[in-house]
Amino acid sequence: MRREPLINAAILAVLLAVPLWAWWTDEPFTITLATRVVILALAGVGLNLALGLGGMVSFGHAMFFGIGGYAMGILASQAQDYEPLMEWPILIEGTKSMPVIWLTAIVFSALGALAVGALSLRTTGVYFIMITLAFGQMFYYFAISWPAYGGEDGLSIYVRNEFPGLNTLDPIQFFALCFAILLAVLFFMSRLAKSAFGLALVAARQNQERVQTVGIGVYRLRLAAFTISGAITGLAGALFADLNRFVSPTMFSWQTSGEIMVFVILGGVGRLYGPVAGAALFIVLENVLGGLSEYWHIYLGALLLGVVLFARGGLIGLLAGREVAHD
Amino acid sequence: MSILLFIEQVLNGLQFGVMLFLMAAGLTLIFGVMGLINLAHGSLYMVGAFAAAAVAGATGSFLLGLAASLVAAAAAGAIVEVAMIRRLYDKDHLDQVLATFALILIFSEGTRWVFGSFPLYLDVPSWLAGPVTLPGGIQYPAYRLAIIGIGLAVAAGLFALIRWTRIGIRIRAGEADREMIGALGVNISALYTIVFALGAALAGFAGALVGAIQSVQVGMGEPVLILAFVVIVIGGIGSIKGALVGSILVGLTDTLGRFLLPVAFGAFLDPSSATTIGSALASMSIYILMAVILLIRPTGLYGSD
Amino acid sequence: MTEPILEIRNLCKSFGAVVASEEVSLDLRPGEIHALIGPNGAGKSTLIKQIAGNIAPDSGSILFEGRDVTALDTVARARLGLGRTFQISSLAMGLTVLQNAVLGALGRRGRVFRFFRPVMRDRALLDAARDALQQVGLEDFAAWRTADLSHGQRRQLEVAVALTLKPRVFLMDEPMAGLGAEGSLRLTGFLNELRHEAPILLVEHDMDAVFALADRISVLVYGKVIATGTGDEIRANPEVRRAYLGEEDAA
Ligand SMILES: Nc1ncnc2c1ncn2[C@@H]1O[C@H](COP(=O)(O)OP(=O)(O)O)[C@@H](O)[C@H]1O
Ligand SMILES: [Mg+2]
Chain A
65 MRREPLINAA
75 ILAVLLAVPL
85 WAWWTDEPFT
95 ITLATRVVIL
105 ALAGVGLNLA
115 LGLGGMVSFG
125 HAMFFGIGGY
135 AMGILASQAQ
145 DYEPLMEWPI
155 LIEGTKSMPV
165 IWLTAIVFSA
175 LGALAVGALS
185 LRTTGVYFIM
195 ITLAFGQMFY
205 YFAISWPAYG
215 GEDGLSIYVR
225 NEFPGLNTLD
235 PIQFFALCFA
245 ILLAVLFFMS
255 RLAKSAFGLA
265 LVAARQNQER
275 VQTVGIGVYR
285 LRLAAFTISG
295 AITGLAGALF
305 ADLNRFVSPT
315 MFSWQTSGEI
325 MVFVILGGVG
335 RLYGPVAGAA
345 LFIVLENVLG
355 GLSEYWHIYL
365 GALLLGVVLF
375 ARGGLIGLLA
385 GREVAHD
Chain B
-18 MSILLFIEQV
-8 LNGLQFGVML
2 FLMAAGLTLI
12 FGVMGLINLA
22 HGSLYMVGAF
32 AAAAVAGATG
42 SFLLGLAASL
52 VAAAAAGAIV
62 EVAMIRRLYD
72 KDHLDQVLAT
82 FALILIFSEG
92 TRWVFGSFPL
102 YLDVPSWLAG
112 PVTLPGGIQY
122 PAYRLAIIGI
132 GLAVAAGLFA
142 LIRWTRIGIR
152 IRAGEADREM
162 IGALGVNISA
172 LYTIVFALGA
182 ALAGFAGALV
192 GAIQSVQVGM
202 GEPVLILAFV
212 VIVIGGIGSI
222 KGALVGSILV
232 GLTDTLGRFL
242 LPVAFGAFLD
252 PSSATTIGSA
262 LASMSIYILM
272 AVILLIRPTG
282 LYGSD
Chain C
9 MTEPILEIRN
19 LCKSFGAVVA
29 SEEVSLDLRP
39 GEIHALIGPN
49 GAGKSTLIKQ
59 IAGNIAPDSG
69 SILFEGRDVT
79 ALDTVARARL
89 GLGRTFQISS
99 LAMGLTVLQN
109 AVLGALGRRG
119 RVFRFFRPVM
129 RDRALLDAAR
139 DALQQVGLED
149 FAAWRTADLS
159 HGQRRQLEVA
169 VALTLKPRVF
179 LMDEPMAGLG
189 AEGSLRLTGF
199 LNELRHEAPI
209 LLVEHDMDAV
219 FALADRISVL
229 VYGKVIATGT
239 GDEIRANPEV
249 RRAYLGEEDA
259 A
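Protein chains in written order, with our numbering: chain A, 65 to 391; chain B, -18 to 286; chain C, 9 to 259.
Hints were generated in silico from the structure; no laboratory data involved. None of the values given here were measured: they were computed from a predicted structure. Careful: at least some of the hints might be erroneous.
What the hints assert, rightly or not - Derived Cβ-Cβ restraints for the label pairs, each shown as a range: (1) R278/B x A212/A: 55 to 65 Å; (2) I96/C x D158/B: 19 to 29 Å; (3) R117/C x G247/B: 50 to 60 Å.
Said to hold, decoys possible - Chain B side only, calculated, beta carbon under 8 Å to chain A, not exhaustive: (4) A83; (5) L86; (6) R93; (7) G97; (8) I218; (9) M265; (10) I277; (11) P279.
All C-beta atoms, glycine included, are put in the ideal place defined by N, C-alpha and C.
Okay, chain A solo, but in the shape it has when bound (with noise of 0.2 Å):
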């Protein structure tokens, strides 16, 4: 009685189908928008870690994802601009390389997780929410008026960044990137989730007390998960920043922590694949209720009222039986 692992195989399989026929057939939009669920499923992924595995209710991760989006944004529009990004004490310099700004994105944003994850975690329950919430919004507030780079209007990059090997501005090419890094994460994710430090995360998300009793401390813990989960989230904003070219003070929104937050319920909270499947779910309601409504939003809000009421187990948890495998 193992569905899931099919029906993450499935969901893999239209995930790389559907772009492969889009390039066969010349219809670059689709490549676009199935890149689009894959980056936004990556940032749910790293969303999932701290909430379905380790039940940190984050409403702030847009803070990761902006942080790794204007990593990438201040990266490249200095090296567009010929401009060293310091001069003292020592030289650094703008740059077009994109492992050099997943690295810068990665190492920001943990370090933006590590900060906010040690103060949040002082707290829990609906303090850690409301908490999270709030620091997300200093962070949309600090872009809006930190007029260095663009302030509210965000920040163009003409050219999108490079890869060794690769042509990056070939749709397809960039959709393969971001899918490899999807898979790498999510094989490292099915890894950690079954790993030591998995197990009591888990534990520690369904009795606090037990873990404690076994000489475990929880607070490290969960800033450990935190830590990981902002800085995959971050990697996911670096991505995102290069499909669109762009950055802006929404990536910092909570709205798009609540987005982030409503793939993760859309699939199914703490399944492996259910990020992708909801970010996918998620972008196909935006273009099908989308193009029949200006108001579609409303449909999501009835959709994801259903999920909360009637189907706890989201989209893998109706295809799957509702069980979450932990072995």
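Position chains B and C with the ligands against the provided structure of chain A, taking the given hints into account.
Same frame as chain A, but now just chains B and C with the ligands:
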């Protein structure tokens, strides 16, 4: 001169704080009694503002508009509570967050659908339009002064309601022990609806009052909602007193930060970078305040345990 | 006489007007079972919680192997070797029985920050976990979801997890509750052997078990230790008889 300016800013901060209190009081009451975190509270703020703008626009009476904001927000609150919210009381916080997030989507898009995307305007009534001269020769807008007065009066009324009336006694009992008051034969679901509608009315009222200073538009509620969360984190969840103290602290910190930080940086930086750095830092000041209070008291100034 | 391994000195704790611990002093020596009995609400669980570090005493101190641990938290005390079971089972209900036991073994070993190797394939941890399950008689339920266990089985799993910790001292809060006659008998035999691994501070309502097992018994009434002694001494103690049997006051 600059001391006058400073006092004016303090009054602005107070006015902002009082508005936040109207939001935060409802949120904290609803959490205290029903254990619900309600993200859609900002939508009720918006409903109040739109109702006031529509009715004041149609009738030309600001006071009718204010009354409409109370009625509309309370009604919207009661309807949503009965139709949906009460299913969430037993659910975990994640479900509550998601369901009320879904409500925001529905409220916002619904409002956009009815009123369109353009902002509405609610005019300050002519009898409050001008400035008044305060002792010391300070000129201050009469309307803002009225907001401070009304807000403080509402706060006093709320404290009195909770302290002395029957419903207040039940609210306090509900905060202390939910099962018990049910066992004592109090109609819990009616109590919950009333508390929710009361919180909604406060939010709608705040929306209407602010609507005359800013524009009335979709999405106006959520930034205020998040500030109200900051207030609650600072004041301690479930505590009305904490909400009041937190609101005033946040209102003053934000307003004075925006006023003073650029000036302070101007002392040793050139004017344009002083303004830049000062206002960027000012936009973060209340969150830094929240972080500091979290470090000292993780459950807020008046939070229990 | 041997040095006590656990020593509680003048512990006081009140909840508002309720005095849960009043100048409680007792100790636990190597190799012994020290039973703590008393009517419901006497403050036995509260005492265990203070020793394990879940709640802080108002005053007094707790010494573990000669070291004052009063200021340490639960995690630190567990790492020093306090193995605790709960009166109301406290397990990760969504995990399997084996996973709960592995979690204990993991806590014992440390090195939790391992992100890549599957923990359920770790020989050393699995052996320790299976061994503990077998000792309490849960080996056939290893693959069960903990939430599907009966109450008695959950109590057994509590004990098993404590075993995986290989603690220096066991603190057990009513491990027999809900076990039934046969289960109690079995656990009694097991605890009788276990004392040679580490001494046990045992809160228990099952008086047959208490008198069969305990080297010493302390009686707690309204937060106060009214008597400490061997089973016979306790049986003969007039204050205890008064507290338990309500025997007519001599005074
Ligand atoms: N967290 C608490 N808050 C208030 N009172 C408590 C708390 N925990 C225990 N008590 C009270 O302390 C007394 C002792 O309780 P407890 O230690 O559980 O007793 P026992 O385990 O001996 O039955 C009881 O009167 C109980 O109601
Ligand atoms: Mg007890």
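To see whether the hints hold, each was checked on the structure:
1. R278/B x A212/A: 55 to 65 Å: Since R278/B and A212/A have Cβ atoms about 35 Å apart, the given range 55 to 65 Å is violated.
2. I96/C x D158/B: 19 to 29 Å: holds (20 Å)
3. R117/C x G247/B: 50 to 60 Å: holds (59 Å)
4. A83: Nearest chain A Cβ about 4 Å off; hint holds.
5. L86: holds (3 Å)
6. R93: Hint on R93/B: holds, closest Cβ of chain A at ~7 Å, below 8 Å.
7. G97: violated (11 Å)
8. I218: holds (6 Å)
9. M265: Hint on M265/B: holds, closest Cβ of chain A at ~5 Å, below 8 Å.
10. I277: Hint violated; I277/B Cβ to chain A Cβ min 10 Å, cut 8 Å.
11. P279: OK, holds: P279/B within 8 Å of chain A, min 4 Å.
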